[in-house]
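Peer 1: Sequence:
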Amino acid sequence: MKIQTSSLRRAAGIALASLGLLLGAAPLTAAPADSLRLIPRPASISWGKGHAQLPETLTVSPLLPQVIQTQLSQQAGIKVRATTKAPLLSVHLDRRLPGREAYRLSVGPRGMQLLAKDSSGLLQGGQTLLQLVGQYGRRLPQLSITDSARFAWRGIMLDVSRHFMSADFIIQLLDEMARYKMNRFHWHLVDGGGWRFPSEKYPLLTKKAAFRTKQDWDEWWQHDRRFVDEGTPGAYGGAYTKDDIRRVVAHATRLGITVVPEIELPGHSNELPAAYPELTCKGKWTFDATDVCIGRESTFRFFEDILGEVLELFPSYYIHIGGDEAAMNHWGSCPDCRARMKQEGLKDEHELQSYMIRRIERYLNGKGRQLIGWDEILMGGLAPNAAVMSWRGEEGGITAAKAGHKVVMTPGNYVYLDFYQRESKGEPRAIGGFTPLEKTYSYNPTPAVLSPAEQQYILGVQGNLWTEYVQDEQHAAYMLFPRLLAIAEIGWTPQAERSYPDFLRRVAAQLPGLKARGINSYPLKRIAVYSEIDTARREVALRLSSEQPTAEIRYTTDGTMPTASSRLYTGEHISSRDSILLVARLFRDGQALDFPEVSYRTDYHLGIGRPIYYNEGCQWNPKYPAGGARALVDGLRGTPTYLDGLWQGFTMPLDVTVDLGETKALRHVFAKFMQEKMQWVYMPHHVELLLSDDGTNWRSLGQRVTTTDDGDFLPSFETFSFPIAERARYV
Numbered sequence: 004m005k006i007q008t009s010s011l012r013r014a015a016g017i018a019l020a021s022l023g024l025l026l027g028a029a030p031l032t033a034a035p036a037d038s039l040r041l042i043p044r045p046a047s048i049s050w051g052k053g054h055a056q057l058p059e060t061l062t063v064s065p066l067l068p069q070v071i072q073t074q075l076s077q078q079a080g081i082k083v084r085a086t087t088k089a090p091l092l093s094v095h096l097d098r099r100l101p102g103r104e105a106y107r108l109s110v111g112p113r114g115m116q117l118l119a120k121d122s123s124g125l126l127q128g129g130q131t132l133l134q135l136v137g138q139y140g141r142r143l144p145q146l147s148i149t150d151s152a153r154f155a156w157r158g159i160m161l162d163v164s165r166h167f168m169s170a171d172f173i174i175q176l177l178d179e180m181a182r183y184k185m186n187r188f189h190w191h192l193v194d195g196g197g198w199r200f201p202s203e204k205y206p207l208l209t210k211k212a213a214f215r216t217k218q219d220w221d222e223w224w225q226h227d228r229r230f231v232d233e234g235t236p237g238a239y240g241g242a243y244t245k246d247d248i249r250r251v252v253a254h255a256t257r258l259g260i261t262v263v264p265e266i267e268l269p270g271h272s273n274e275l276p277a278a279y280p281e282l283t284c285k286g287k288w289t290f291d292a293t294d295v296c297i298g299r300e301s302t303f304r305f306f307e308d309i310l311g312e313v314l315e316l317f318p319s320y321y322i323h324i325g326g327d328e329a330a331m332n333h334w335g336s337c338p339d340c341r342a343r344m345k346q347e348g349l350k351d352e353h354e355l356q357s358y359m360i361r362r363i364e365r366y367l368n369g370k371g372r373q374l375i376g377w378d379e380i381l382m383g384g385l386a387p388n389a390a391v392m393s394w395r396g397e398e399g400g401i402t403a404a405k406a407g408h409k410v411v412m413t414p415g416n417y418v419y420l421d422f423y424q425r426e427s428k429g430e431p432r433a434i435g436g437f438t439p440l441e442k443t444y445s446y447n448p449t450p451a452v453l454s455p456a457e458q459q460y461i462l463g464v465q466g467n468l469w470t471e472y473v474q475d476e477q478h479a480a481y482m483l484f485p486r487l488l489a490i491a492e493i494g495w496t497p498q499a500e501r502s503y504p505d506f507l508r509r510v511a512a513q514l515p516g517l518k519a520r521g522i523n524s525y526p527l528k529r530i531a532v533y534s535e536i537d538t539a540r541r542e543v544a545l546r547l548s549s550e551q552p553t554a555e556i557r558y559t560t561d562g563t564m565p566t567a568s569s570r571l572y573t574g575e576h577i578s579s580r581d582s583i584l585l586v587a588r589l590f591r592d593g594q595a596l597d598f599p600e601v602s603y604r605t606d607y608h609l610g611i612g613r614p615i616y617y618n619e620g621c622q623w624n625p626k627y628p629a630g631g632a633r634a635l636v637d638g639l640r641g642t643p644t645y646l647d648g649l650w651q652g653f654t655m656p657l658d659v660t661v662d663l664g665e666t667k668a669l670r671h672v673f674a675k676f677m678q679e680k681m682q683w684v685y686m687p688h689h690v691e692l693l694l695s696d697d698g699t700n701w702r703s704l705g706q707r708v709t710t711t712d713d714g715d716f717l718p719s720f721e722t723f724s725f726p727i728a729e730r731a732r733y734v
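For what it's worth, my numbering labels the leading residue of the sequence shown as 4, then goes sequentially.
Honestly, I wouldn't trust all of these hints.
List of simulated lysine-lysine pairs, PhoX-like, C-alpha gap at most 25 Å [unchecked claim]: (1) K210 - K245; (2) K217 - K680; (3) K245 - K370; (4) K285 - K210; (5) K675 - K626; (6) K428 - K245.
Distance windows between CB atoms, simulated [said to hold, decoys possible]: (7) G241 - P599: 32 to 40 Å; (8) D291 - S47: 52 to 60 Å; (9) A330 - K82: 56 to 64 Å; (10) R541 - G140: 52 to 60 Å; (11) G80 - T256: 24 to 32 Å; (12) A451 - G102: 16 to 24 Å; (13) T710 - M564: 48 to 56 Å; (14) M564 - Q622: 17 to 25 Å.
These are computed hints drawn from the structure, not numbers from a lab. Beta carbons: idealized from backbone N, C-alpha and C, even for Gly.
Please construct the entire structure, taking both the sequences and the accompanying hints into account.
Peer 2: Written out as structure tokens, the structure is:
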């Protein structure tokens, strides 16, 4: 087959009383199965016998954080009265408790006790109590929970540049983050989609760079990129006031959450020239003006002024400066940038960017703050004290940790929440990619290649919601939840205590509460299909799993829609030595759930396991090797994401030959491709099929030209099909 294009291809394929006092003589027992719904899962749970009935008015120690007292009253309907005289809930600090944000919560026949290492432990123990009351009401089981955080940084990033999100929505998000023991809110305030931070020194930023001509991202980004003045009819966007930011930061502080602001530099700055064009190399707005000019001192004065205003509003130790994806397309031809490079002895644009990052770091360090940036800040040399957010996989984080720098792990292929969480059909628009709940939950932020000492540099984990295609708050909530809960448990619970089936059971139990609190959560509707190839038996074996732990999976293998009487999946392999079209659907109590079905075609075709030759000049891109030289004949199908390690990618014409070993009758030859334009993955222009009996003399059976619109930004899949009646050995 000869393919003239760059494409990705996959062939068919956390005064002391004793514990005994609170629990009395009741012995501790193992946890009952399928009981607690707590997320994140505590490090240790011990169970007593019986229950403790809370009175209508609960007396508590004044040490219990006010925010927990308020939530007990508002969310659980329990009257709360603080007292120092024998409260039913006694609260004490014990600095000897081991672990980060550690606490011990005990419920016994004579009352409750919360011990905590520090104020953070008090908040986290209080959140556990709130979840217990949410599950059991006023009749709590007797138990003891000993708990602490695995990581110091358990975060969520929200991009409010591409689409503005209100302060009220962010406060609601903070409430949910605190509920699940997350403690870092990374606020992506500025980017090419609009400037949201209020500046007194540079008021034009919110007057001229916070509103744009169009709401739709593709329509605006690909064809316009123009900003309009605030108040222009039809203008789309928004900006925060300083009071908005103070309200968010104050609320977060009460909840034990640090708000980490991000001011992007030197790239992702398309919005700046709309207000201050002198910040660009060309001194004016241009369609491709994505970076600021590093050659001019005025650029540094601007960012130091802006960061000075940021520091007044945000007490966070870490200040995020972006540093990612600088285009560097004007620096090489800019006289000021070239002069800067010569003056500082910088050999290339990467070192020029590093120069800027180092200067900004010195400014922040001088103010008692610390710089953190995306992993591109490693390029050209890392600033001496900088922390790194590793998003392009784990490599940047590994490099930084080995060099003794703090790292937050946030690899896109696990914790990017703008990716689809099930197959794209029927789902709201996403940027592409594929991070279903199970994959996100499977992530471990401490790579095995790091030594125990090096792993200590891993601050924690963060999920990121970029919003190119997330136009409103309902959609944002859908993308955040319930994957936020998975990231919360990754960051809190010891790795050895994590179990996806148990987590899934607890997540399902959390969904009604999320809905009751007005959270538009994704409803756990995916059926996953896993395929295995048995070359000895020459068959394909399928396995199914569901995100709904109490639902049935029923399926057919002839392409028809399953009914309540269709075959029930009970965990067996579904095997096929030929082509089948499996269709599976979820049922409960004999009724189909209002979720999409899943379809999956299997084909144990003649090419599986056969020799394959990449002809002269043809080589897969090292970024997308899939299974290497056997990838296209291993029988494994690519999933809906280019990040699955199953798609093989090419930046040159694909020309491969499959040797069937002997002349065989051929009925159908096909090849499947994908397109994700936002990720620079495109369909081939055409596919040509050639056959040969001897590997030398070839006959063409024609070409199939793509029908996929190369301007379409939605993920697309296309099968190039050749129904034939031929005999050949070489394809």
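Peer 1: Taking the earlier hints as the rules, which of them does this structure contradict?
Peer 2: Going through the list in order, the structure violates hints 6, 13, 14 and respects the others.
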